[in-house]
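Please model the complete structure; the sequences and the hints are all you need to start from.
Here is what each chain is made of, one letter per residue.
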Amino acid sequence: MKRIITPLFRFTLYLVLIAPLLLFAAYAFSTRWFFPQPFPAEWTTTTFQRAIHDSRTLSSMAQGLWIALLVSVLSLILALPAARVLGLRKFRGRQLAWLLLFLPTIIPPLAIGMGLNILFLQIGLAGTIAGVILAHIIPTLPYTIFTLSSAFARFDENYEFQALALGASPWHIFFKVTLRMMTPSLVVATLFAFLISWSQYLLTLLIGGGQIITLPILLFSAASGGNPSIIAMLSLLFVAPPVLVVAFTARQLNQHGEEIREQY
Amino acid sequence: MKRIVFLLVVFTLLLAACAPSVATSQPAATNPLVATDAPTVVAGAFDINNWDSVLAAAKGQTVNWYIWGGSDSINAFVDNFYGKTLKERYGITLNRVPIADTADAVNQVLSEKQAGKDPGAVDMIWINGENFFTLKQASLLYPDWAQKIPNSALVNWDNPAINLDFGHAVDNLESPWSSAQFQFVYDSARIKADELPHSYADLKTWACANPGRFTYIAPGPGGFLGTRFVKGALYEISGGAEQWQNFDQATWDQWSPALWKYLNELEPCLWRKGETYAKDEAELKNLFANNEVDFSITNDITGAGTGIAAGLLPATSRAFVFDTNMIGDFNYVAIPLNAPNKAAALVLANLLLDPEFQAAQILPENGFGLGYAIDVTRVTDSAALSALQSASTKLGDSATPASDLANSLVGDSAAEYQNLIEQGWAENVLQK
Numbered sequence: 001m002k003r004i005i006t007p008l009f010r011f012t013l014y015l016v017l018i019a020p021l022l023l024f025a026a027y028a029f030s031t032r033w034f035f036p037q038p039f040p041a042e043w044t045t046t047t048f049q050r051a052i053h054d055s056r057t058l059s060s061m062a063q064g065l066w067i068a069l070l071v072s073v074l075s076l077i078l079a080l081p082a083a084r085v086l087g088l089r090k091f092r093g094r095q096l097a098w099l100l101l102f103l104p105t106i107i108p109p110l111a112i113g114m115g116l117n118i119l120f121l122q123i124g125l126a127g128t129i130a131g132v133i134l135a136h137i138i139p140t141l142p143y144t145i146f147t148l149s150s151a152f153a154r155f156d157e158n159y160e161f162q163a164l165a166l167g168a169s170p171w172h173i174f175f176k177v178t179l180r181m182m183t184p185s186l187v188v189a190t191l192f193a194f195l196i197s198w199s200q201y202l203l204t205l206l207i208g209g210g211q212i213i214t215l216p217i218l219l220f221s222a223a224s225g226g227n228p229s230i231i232a233m234l235s236l237l238f239v240a241p242p243v244l245v246v247a248f249t250a251r252q253l254n255q256h257g258e259e260i261r262e263q264y
Numbered sequence: 001m002k003r004i005v006f007l008l009v010v011f012t013l014l015l016a017a018c019a020p021s022v023a024t025s026q027p028a029a030t031n032p033l034v035a036t037d038a039p040t041v042v043a044g045a046f047d048i049n050n051w052d053s054v055l056a057a058a059k060g061q062t063v064n065w066y067i068w069g070g071s072d073s074i075n076a077f078v079d080n081f082y083g084k085t086l087k088e089r090y091g092i093t094l095n096r097v098p099i100a101d102t103a104d105a106v107n108q109v110l111s112e113k114q115a116g117k118d119p120g121a122v123d124m125i126w127i128n129g130e131n132f133f134t135l136k137q138a139s140l141l142y143p144d145w146a147q148k149i150p151n152s153a154l155v156n157w158d159n160p161a162i163n164l165d166f167g168h169a170v171d172n173l174e175s176p177w178s179s180a181q182f183q184f185v186y187d188s189a190r191i192k193a194d195e196l197p198h199s200y201a202d203l204k205t206w207a208c209a210n211p212g213r214f215t216y217i218a219p220g221p222g223g224f225l226g227t228r229f230v231k232g233a234l235y236e237i238s239g240g241a242e243q244w245q246n247f248d249q250a251t252w253d254q255w256s257p258a259l260w261k262y263l264n265e266l267e268p269c270l271w272r273k274g275e276t277y278a279k280d281e282a283e284l285k286n287l288f289a290n291n292e293v294d295f296s297i298t299n300d301i302t303g304a305g306t307g308i309a310a311g312l313l314p315a316t317s318r319a320f321v322f323d324t325n326m327i328g329d330f331n332y333v334a335i336p337l338n339a340p341n342k343a344a345a346l347v348l349a350n351l352l353l354d355p356e357f358q359a360a361q362i363l364p365e366n367g368f369g370l371g372y373a374i375d376v377t378r379v380t381d382s383a384a385l386s387a388l389q390s391a392s393t394k395l396g397d398s399a400t401p402a403s404d405l406a407n408s409l410v411g412d413s414a415a416e417y418q419n420l421i422e423q424g425w426a427e428n429v430l431q432k
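Residue numbers (this note's numbering), protein chains in the order written: chain A, 1 to 264; chain B, 1 to 432.
Calculated from the structure, these hints are not laboratory results. Even for Gly, the Cβ is constructed at its ideal location relative to N, Cα and C. One thing to keep in mind: the hints can contain errors.
[Claimed, not checked] To spell it out: a stretch of chain B is covered by chain A in this simulated footprint if at least three of its residues, at any positions, have a beta carbon under 8 Å from a beta carbon of chain A; those stretches are:
#1 59-69
#2 307-320
[Claimed, not checked] Sample of chain A residues with no beta-carbon within 10 Å of chain B, all distances over it, derived:
#3 K90
#4 R92
#5 N158
#6 I217
Right, here's the structure in full:
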């Protein structure tokens with residue numbers, strides 16, 4: 001019985017995950033698909049051709065990827081020390097620090113964005129990639145800090161002391177011991193940062209002021225026009241990098257998990 | 001813990017309250033960017049009365065045109081027609097900035113003003129109505145240019161539909177691009193032409209004979225065609241458009257109850273019994289294309305043509321108008337006061353009025369679908385004139401015949417009625 005149920009369950013799960021994407025694909029490669037036709041009658045690659053040949057689509061994807069990658073790296077660099085202290089130490093004001101770091105998840109991004117836009121306009125950061133990256137770090141930081149600090153809460157500092165006692169330099173310890181032990185959480189945190197930055201619409205729009213065009217900007221703009229083919233095509237392009245990244249990291253994490261299991 | 005949360009909230013509110021005052025107290029001169037950018041502005045100096053100096057200053061500039069990006073076919077039209085020509089003829093690069101709502105561009109200009117940023121980011125905005133009025137009131141538009149570009153001679157500036165934008169004087173602050181007129185769309189495969197309603201009274205009869213097969217767009221921001229539908233009803237009920245060209249509260253008080261009465265009588269016959277309305281043109285188009293309702297609404301001079309070409313409407317879609325009270329208007333482009341590339345924006349605004357491009361913009365296959373902004377009778381070049389005349393005969397079956405459009409055409413009402421209608425509709429029809 002179990003031999004049937006498990007694959008069936010697995011199949012249903014895949015279907016639930018993939019069905020929306022199939023629907024996107026059906027819309028993206030067809031035209032004039034109106035109710036009550038059950039399936040698209042006119043298949044076409046026109047929308048796809050147009051999206052691919054529109055330099056704006058590709059450049060917006062490239063720009064979005066760059067921004068998301070840089071945001072992930074910067075967010076990790078900023079989050080690591082904070083997460084270490086929050087995860088490992090008990091101190092007065094720890095709750096307050098937590099709250100301050102989590103404020104961006106509570107305050108509506110519009111409120112942050114409007115104020116930030118004025119500030120960035122004054123200091124010349126509005127409309128620049130640097131400004132958009134800085135703005136994206138605000139909503140990503142809470143997630144990277146939270147992910148890493150919960151890992152640090154389970155982190156045993158004695159491994160570092162042991163390496164120190166054996167004569168390793170602080171850099172050596174950081175790269176060979178701390179980072180190695182933190183790898184799975186670092187991957188998850190990077191993933192969070194990447195996904196949040198990649199899908200940012202409001203902050204990119206406000207801080208970028210139309211100068212910085214990422215895929216969500218094109219997608220929202222297309223959505224306001226209501227052409228299902230174009231919306232579906234841009235949505236497919238929008239979900240592709242996150243799906244690939246998640247698939248890749250899931251594989252990595254799985255392997256890593258097995259390595260760890262082997263050690264015990 | 002609770003106290004900390006409270007303190008944090010207070011702290012945040014204080015921060016939020018401080019932000020604007022901090023912003024305005026900082027003079028623009030302290031911005032290092034302004035200082036570094038200043039020489040390029042001087043280098044691009046021009047005299048608007050000397051068009052050659054404008055062309056010379058525009059050469060090599062990039063014009064950042066903030067334009068609603070929701071229509072793929074309009075985007076392609078802008079890139080393929082204006083983008084290419086600007087590059088080839090004038091050495092100008094067109095940077096089309098797609099926005100989801102024109103208000104986004106207006107907010108950008110307002111924020112730049114607050115931050116004292118000059119030059120800003122926006123060179124030109126596709127604009128009309130409230131958005132134009134917002135920037136005009138704030139004195140944030142580049143003044144005194146629209147009637148000085150060469151092709152403005154082709155525009156009939158004496159026409160109140162052109163020199164007034166939603167009742168507000170254009171005052172040389174914006175230049176027209178195209179014209180539009182309110183029309184309905186039906187599917188000739190579903191309804192015969194002789195069954196179509198000819199007035200709002202007819203429409204109510206039709207809707208109640210076919211319950212659930214009609215709805216309109218909710219009036220309000222994003223639903224200006226819905227507002228226009230309601231205005232047309234107001235015109236019919238009150239016996240004409242003329243008395244609504246100037247604002248008079250007493251006239252409004254006299255006729256608005258009859259308007260709400262008509263719409264509330266219509267409501268139970270509507271799609272989903274009027275519990276909800278289409279929120280914008282795109283949604284109504286979808287409902288119509290998917291056979292949920294029998295009529296859509298459009299502003300395109302090409303009628304259903306652009307929608308058919310884009311695959312959004314069935315190929316058998318046709319446009320039609322009532323006998324009268326079909327509101328038409330013009331839309332414009334404006335240049336912000338702090339635009340970094342004003343010369344290039346002027347060249348583009350002039351190109352929009354070029355007879356060659358005016359003729360191109362109304363052809364359904366080119367994807368734009370709105371009408372002429374210029375007065376065809378003012379075009380002296382015979383080749384251009386014949387191009388314009390032949391283009392207007394190529395609109396095909398899916399467009400409303402030009403004579404029907406002209407016979408039913410009325411002007412929009414004074415801008416003050418816009419809010420009265422939108423709020424009044426929400427209170428008296430939607431929520432009652």
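Outcome of the hint check:
1. 59-69: Contact hint for the segment 59-69 of chain B vs chain A: holds, 4 residues under 8 Å.
2. 307-320: holds (count 5)
3. K90: holds (16 Å)
4. R92: holds (12 Å)
5. N158: holds (32 Å)
6. I217: Non-interface label on I217 (chain A) violated, nearest chain B Cβ at 7 Å vs cutoff 10 Å.
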